[in-house]
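Throughout, my numbering is defined as the position within the sequence shown, counted from one, plus 2.
For the record, the hints were derived by calculation from the structure and aren't laboratory data. Since we're looking at a predicted model, the values are computed, not measured. Possibly wrong hints are sitting among the right ones.
What the hints assert, rightly or not - When the alpha-carbon atoms are kept at most 27 Å apart in a straight line, the in silico DSS-like pairs for lysine-lysine are as follows: (1) 298 - 242; (2) 379 - 297; (3) 4 - 64; (4) 232 - 267; (5) 185 - 108; (6) 391 - 333; (7) 278 - 246; (8) 4 - 222; (9) 380 - 332; (10) 91 - 74; (11) 74 - 160; (12) 28 - 102; (13) 140 - 74; (14) 357 - 292; (15) 302 - 379; (16) 349 - 302; (17) 160 - 246; (18) 289 - 303; (19) 29 - 74; (20) 246 - 312; (21) 369 - 303; (22) 185 - 28; (23) 80 - 108; (24) 137 - 73; (25) 298 - 331; (26) 380 - 369; (27) 4 - 102; (28) 130 - 160; (29) 303 - 242; (30) 30 - 77.
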Amino acid sequence: MKVDIAIIGGAGHIGLPLGLLLANKKKKVILYDKNKINLNLIEKSKLPFMEKNGLKLLKKNKKRIFPTSNKKLLKNTKIIIICIGTPVKNSKPDLKFFFKVFKEIKPFLNPKKLLIVRSSIYPGSIYKIQKYLGKKYKNISYCPERVVQGESILELPKLPQIISGLSPFSINQSKNIFNLICKKTIVTSILEAELIKLFSNSWRYINFSISNQFYNICEKLNVNFNILRKNMMDGYERNKDIPKAGFAAGPCLYKDTAQLNAFLKDSFTLGKEATKINQSFPIEIYKKLKKKFGKKLVKKKIGILGVAFKPDIDDTRDSLSLNLYNYLKKKKLKTFVSDDYVDIKSKINKSVLIKNSDIIILGTPHKIYKKIRIPKKKYLIDTWGFFEKWNLIIG
Numbered sequence: 003m004k005v006d007i008a009i010i011g012g013a014g015h016i017g018l019p020l021g022l023l024l025a026n027k028k029k030k031v032i033l034y035d036k037n038k039i040n041l042n043l044i045e046k047s048k049l050p051f052m053e054k055n056g057l058k059l060l061k062k063n064k065k066r067i068f069p070t071s072n073k074k075l076l077k078n079t080k081i082i083i084i085c086i087g088t089p090v091k092n093s094k095p096d097l098k099f100f101f102k103v104f105k106e107i108k109p110f111l112n113p114k115k116l117l118i119v120r121s122s123i124y125p126g127s128i129y130k131i132q133k134y135l136g137k138k139y140k141n142i143s144y145c146p147e148r149v150v151q152g153e154s155i156l157e158l159p160k161l162p163q164i165i166s167g168l169s170p171f172s173i174n175q176s177k178n179i180f181n182l183i184c185k186k187t188i189v190t191s192i193l194e195a196e197l198i199k200l201f202s203n204s205w206r207y208i209n210f211s212i213s214n215q216f217y218n219i220c221e222k223l224n225v226n227f228n229i230l231r232k233n234m235m236d237g238y239e240r241n242k243d244i245p246k247a248g249f250a251a252g253p254c255l256y257k258d259t260a261q262l263n264a265f266l267k268d269s270f271t272l273g274k275e276a277t278k279i280n281q282s283f284p285i286e287i288y289k290k291l292k293k294k295f296g297k298k299l300v301k302k303k304i305g306i307l308g309v310a311f312k313p314d315i316d317d318t319r320d321s322l323s324l325n326l327y328n329y330l331k332k333k334k335l336k337t338f339v340s341d342d343y344v345d346i347k348s349k350i351n352k353s354v355l356i357k358n359s360d361i362i363i364l365g366t367p368h369k370i371y372k373k374i375r376i377p378k379k380k381y382l383i384d385t386w387g388f389f390e391k392w393n394l395i396i397g
């Protein structure tokens, strides 16, 4: 079978939307992945996760999409795109996992064909990949993804695509591919492209940490941060971008900040402090409960609304609200979770959670929660200011 493009990690959150968009441009696309559950769902024209407009494109382009776990099929593709995740262990990138994938697919690679990497990577990784594969592999590009989870199909056509490569051929061929689906392409050096990816997510992560620290300061001073934030922003343009406080999480923000700090040999001061503030946010919530209820906390029932890492998706990777749930359970507190999108064993219906819980914590502000009414007798922790905004607290 001759195909145009093979995507490694093709059944994942980054690879699948890209594959669907390329298939929609008449390209035959192999979705190579080891996740057989996701592959089987795609084969049946079902999405394995939430992705806006994804199902429509999958059904429309079914004849051009080939989900598989057979590595041998990679040999017949013109272009291979790497979209695998890059794990971080103990705040350091796990490059062994990343290169393990290259070891598995190396027998099926051709130095004359284009290899595109889209994963978040440690600076210098592209040259390490070339060194591992061999000097003859000059047609390697780094074209980082920069999309929002669950909205890749909507965002990719609107966002400029960063293009970098080891050779003019790799750069020009990558431009040709992404010009099919992207608004614009921007050519940079490989190091610039690697840093653009890490800088972008680190910048966002640091901004979230500022609001989270402001929230913690306000809690100590018995000040409502959400009201304070609203007053800070009211008619004052310079404060308009200050984020809400909350469980800043996800598979890229923490990971990319950690990778940049590792690259800088633990000297990325702002990134390190942002990580401490954001990652400890669940513990700060526990401290707040402990301060409020003291020894009586063990008798209280705690309900967490939403455990996805961000609103309106079904992904819990690096979710801090899920971390909070596990932390409270370790403290042997009666804790329940509810999430309309996430399939988790211990979850209960949101109405049951609200009725039976003495304490309600908003972990993820899903839009569907606009229909919820929180009785005033419940002790509510809503760092996002979600229920206040929609006037959903009732007497």
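Check your understanding: Which hint numbers does the structure go against, in order from smallest to largest?
Key -> Hints 1, 4, 5, 6, 8, 10, 11, 12, 28, 29 contradicted; others consistent.
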